[in-house]
Amino acid sequence: MVFDNIVQAIEVVLSWPTIGWVVVGLLIGIIGGALPGIGTALTMALVLPLTIPLGPTNAVILLVSIYSGGMYGGSVAAILVNVPGTGGAAATTLDGYPMARNGRAIEALATSATASGIAGFFTVLTLFLLSPILIELVLLFGSPEYFLLAFLGLAMITIVARGSIVKGLVAGAFGLALSTIGIAPNYPVQRYTFGNIALFDGLSFIAALIGMFALAEMIKLSVEQGSIAEENIELSGSILTGVRNSVNHPKLLIKSGYIGMFIGAIPGAGATVSNFISYGEAYRSSDESETFGSGNPLGVIASEAANNGTIGGSLIPTLSFGIPGSNSTAVLLGGLLMHGLRPGPQLFESELATTYGIFIALLVGNIIILFVGIFIMTRLGILTRISIHIIIPMIIVLALVGGYTLRTNWIDVLTVLGLGFIGYIMVKQNYSIIAFVLGMILGPIAEENLIRALMLSDGSYLIFVTKPLSLLIVILLLSVLFGPVVKEIVANKST
Amino acid sequence: MKNPVNKLAQYLKNSGLEEWFMFSLLVLSIYMIWESSHFSFSAAGTFPRIAAGIIIIGCILLIFQSYLPTSFQTWVSEDSKMFGQGETQENIPNADFDIESSDVRSDTSIQERPINNPLFTSLTALIYGALAYMIGFLWASPIFVLVYTRWFKLPRLISAVLIILSFVIVYVFMTALNIPLDQGQYFITKGIDGIR
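Those sequence lines, one after another, are chains A and B. If you're matching positions, the first sequence starts at 20 in the working numbering and goes up one per residue. If you're matching positions, the second sequence starts at 426 in the working numbering and goes up one per residue.
Pulled out of the complex, with its shape left as it was, chain A reads as follows (with noise of 0.2 Å):
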């Protein structure tokens, strides 16, 4: 079965036109990811409205495809004028910028290009090797476990996200809350709609996204004047050498991309650690470390393989159980659901060929990723050198327009609004967004899941406590919120 489904997503990625989703989607990506201030996020949440009219599986494979591209645009920024277009190029700055002052701008374009295809290819493959177990790990996870597995994303991204620990849960509740509007699952009961039928369906999650993701940040953007660049790097170097920079090193590629991929796998992690701890791993275990941060090809290897091998790895926890590794997987489980593709069990047996064909998009990405980036790099330059006030106008029309196509429902216009002038102040006052998208994106699910365990267990929560994986996950959740307070509390005993 596995190996026909493997089968089946082969022909479908290679067919028109999945195979040119792909390239448009990493085209998208690309660009996206090399804007700073925009990335990849928020191009996945405009793009989503305008998935409606594709299918699933290509509805999908675009959205992992910018995915992927945004992870290797947001190094052309990053390089060409020291500012990451995503948090995951933030590393490659620091020898990629210098590169490109000494004369090996395009060189530096070639060694990210090279590396974030290769350690991408292997690091889904390994994904593709490592399904069989997931399918069976999976399959182990029932409604009591699911419901828990929601709180304990969102534990887990309040300790890496913005703000403190209550912060992030205050506003992953609040997004839990604005999830229960309309009418409730199971019951013939409205829930808060004050008797608009607007409102029976609920608020759109991906408006929330699209306001808390695209408008929030523009109102955020709108401070600021000018381009990001403000002058012109010499687009100079060679392009084989930065292909010899990476392929030369590959025991560094590798080990830079299971980094990422391992790193990518702990939801709320995302690429913004990787680049950083395979940066650091690269300069510990290298021989010419004291050369690091003056222009050493080995430290865009280091961060590039770790971005891009994050992919792989946040697809993990994504795919399998709902919670989302970063922004980016947020977006991309938002896409999943709109197109009715629930994480866990039903990725893993009757969707398993379009979960195989998400995999296969991305190897077939990154080769792409591999020739597209090297040969047109050289353009890309020209997008750091747009005013931010051009795309800004732009954002904000596609934003509220991609919010009104979602169901021509103008609460969903009111919804990208409102939360677009929440987040603005939730971002001011230190709430973690994320934690609130994750909200709303896992609330119907982990409320369906408590229902369907309260009735299995005929109304008993001890069904959450008695079965030993729920148990683990209890604990799990615990110690994730309470364990820095016991930290603190047994280090003051000490002192």
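Worth flagging that the hints you see were computed from the coordinates, not collected in a lab. Each residue gets a CB set at the ideal place from its N, CA and C atoms; glycine is no exception. Since no wrong hints were added, every one of them can be taken at face value.
Label pairs and their calculated CB-CB ranges:
id	chain 1	residue 1	chain 2	residue 2	range
1	B	ASN431	A	LEU481	43 to 49 Å
2	B	GLN610	A	GLU300	56 to 62 Å
3	A	GLU155	B	LEU571	57 to 63 Å
4	B	VAL452	A	ALA217	21 to 27 Å
5	B	LEU571	A	GLY312	45 to 51 Å
6	B	LEU548	A	SER513	51 to 57 Å
7	A	ALA510	B	LEU571	57 to 63 Å
8	B	GLU444	A	GLY478	37 to 43 Å
9	A	GLY214	B	TRP576	37 to 43 Å
10	B	ALA468	A	ASN511	41 to 47 Å
11	A	PHE219	B	SER449	20 to 26 Å
For this one, chain A is given, so just place chain B on it according to the hints.
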């Protein structure tokens, strides 16, 4: 003893944006719990009560954090930064990089304007939404882009290109998704066909 309402009013008067945000969340949560008690099926109120309860407990901890033991204060108020990074958001590069001090020029002309840029952007986005409701996105989008580009003093050529681009974007959405974005609720109700 001071009237609790007066005390609350005094607290709110001295409060900043965060306190108002928390107060709004508290009011919302209390309303959700109260409303859930009127549901015809009480089980439908379980999940909203859980969510609202977490908000209430969290907000109370945040409001009264200065009265908590030191260990709890740290937990309530400080960034946890598990990996030494305070931000997972991949699309916010200035989380760890001080963009204002590197390549991007800050807005130095705030004093010349009656309102600041974020407030202007928020208000115009809101008015754009309202205008789109009245006349349709196809006609409201170019107006919004015109106002925005004039405020930020973009060159006229770029402004014109963006206005045309916004029209094209909405037109493409309209055609590709077969949604009447050229029709408003009060004006131009028949869209392009009505104008012809």
